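Student: So you can see what is in the structure, the chains are spelled out below.
Number of protein chains: 2
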Amino acid sequence: MKFYDCQFAPSPRRVRMFIAEKGLDIPVVEIDLRSGEHMKDPFRTINPQCTVPVLETKEGHHLTETVAIYRYLEELQPNPPLLGSTPLEKALVAEWDHRTEVEGFYAIAEALRNTAKGFKDRATTGPENFAQIPDLAARGRRRAELFFKTLDDRLGESRYLAGDFFSAADISTLAVVDFGAWIKLEIPEGHKNLKRWHDELSARPSAKL
Amino acid sequence: MKFYDCQFAPSPRRVRMFIAEKGLDIPVVEIDLRSGEHMKDPFRTINPQCTVPVLETKEGHHLTETVAIYRYLEELQPNPPLLGSTPLEKALVAEWDHRTEVEGFYAIAEALRNTAKGFKDRATTGPENFAQIPDLAARGRRRAELFFKTLDDRLGESRYLAGDFFSAADISTLAVVDFGAWIKLEIPEGHKNLKRWHDELSARPSAKL
Chain A
674 MKFYDCQFAP SPRRVRMFIA EKGLDIPVVE IDLRSGEHMK DPFRTINPQC TVPVLETKEG
734 HHLTETVAIY RYLEELQPNP PLLGSTPLEK ALVAEWDHRT EVEGFYAIAE ALRNTAKGFK
794 DRATTGPENF AQIPDLAARG RRRAELFFKT LDDRLGESRY LAGDFFSAAD ISTLAVVDFG
854 AWIKLEIPEG HKNLKRWHDE LSARPSAKL
Chain B
674 MKFYDCQFAP SPRRVRMFIA EKGLDIPVVE IDLRSGEHMK DPFRTINPQC TVPVLETKEG
734 HHLTETVAIY RYLEELQPNP PLLGSTPLEK ALVAEWDHRT EVEGFYAIAE ALRNTAKGFK
794 DRATTGPENF AQIPDLAARG RRRAELFFKT LDDRLGESRY LAGDFFSAAD ISTLAVVDFG
854 AWIKLEIPEG HKNLKRWHDE LSARPSAKL
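Protein chains in written order, with this note's numbering: chain A, 674 to 882; chain B, 674 to 882.
Chain A with its partners taken away, still in its complex shape:
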């Protein structure tokens, strides 16, 4: 196996943390997004969508979505379970992992990529260029703020996102909340549940990698 990573980017951090929590040891290839290494061969042939993370599986297949990499590694190494144990737990991990990506990650990415100079004509990932849409940046920021409130409410109901057990949904959400710093979105003062959870998550050794 081989893990194509980028140390400063939010999505590969999810996989890095998942691998560490599983106690797996997978060779890493660092891809330098700043120099555009992801847009050129040889990486572009490995992943035509030009994104990280990518996992090269034992079978030699390249998985390019975090949710697929999570699933593959969970099946190979079931302990500790990070995608839930009972049917309901598994469903709730899938639910919160998905919500955090769609309502959190994409919202912040919209806010960032549609304004920052470094993303001019690169408002989306992928091989095709798209112009920035400033109105979308404002909407993304507002959606991200709403999602932080959703997270705070949820974490008032349970210790972790999917229930009283640590899961991949927490890993994904930590990466998303920290990604907020890229658009200067901090956890608001009143979001005490989110702050409590963020402090706990950030203290895990896997969060520091």
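Simulated from the structure, these hints should not be mistaken for laboratory data. Treat the hints loosely; a few may be bogus.
The list makes no distinction among identical chains, and a pair is therefore deemed to hold if it is satisfied within one copy or across any two copies.
[As the list claims (entries may be wrong)] Cross-link-like lysine-lysine pairs, in silico, DSS-like; alpha carbons within 27 Å at most:
hint	residue 1	residue 2
1	Lys731	Lys868
2	Lys822	Lys713
3	Lys822	Lys793
Since we're looking at a predicted model, the values are computed, not measured.
Following the hints, put chain B in place on chain A, whose structure we already have.
Tutor: Below, chain B without anything else, positioned relative to chain A:
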């Protein structure tokens, strides 16, 4: 269990088809999106995100993301498997199901909701109103066209999306391709693989429900 459905909407169709392929019999509650039933109580208390599908589980929990509903039902009723059998198959189903939602469904939804009069100030789902962004509609349409090409390329490599076995990724993608009609996006003439797959999928009894 209880399944909150809406006959004409693309996302609940995924769950309807999944349930049929599993041979499950789950009581259905039809929610009328046209009259705004999803924005008002009692449904709004059931799902504060105001979206369908929703599955009320045996434990009385309301799952609101299709990916979570798929996972829950697969665990309850493993046969026939619709989320893959081997670790790699499971990962590839997760990968293509996710891609079809993000690159296909959201792209078409962007194109539709940011222009159609019926979605004025309702450019996203959810309880909060957002103004339409016409530039985003154009971008969504272009992204959807690119994804149809991605699907055609992929279906030139294998019979179904995740490999040579029918899966939930096919169910989701059928709903997405047919959702294209809402923005007058047809399968282009040259996309013979996608056409072949679409004909085969559309002939399944579960596709007609």
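Student: Decide, hint by hint, whether the structure agrees.
Tutor: Hints, verified against the model:
no. : hint             : verdict
1   : Lys731 to Lys868 : neither (39 Å within a copy, 32 Å between copies)
2   : Lys822 to Lys713 : between (39 Å within a copy, 21 Å between copies)
3   : Lys822 to Lys793 : between (30 Å within a copy, 25 Å between copies)
Hint compliance for this structure: hint 1 alone is broken.
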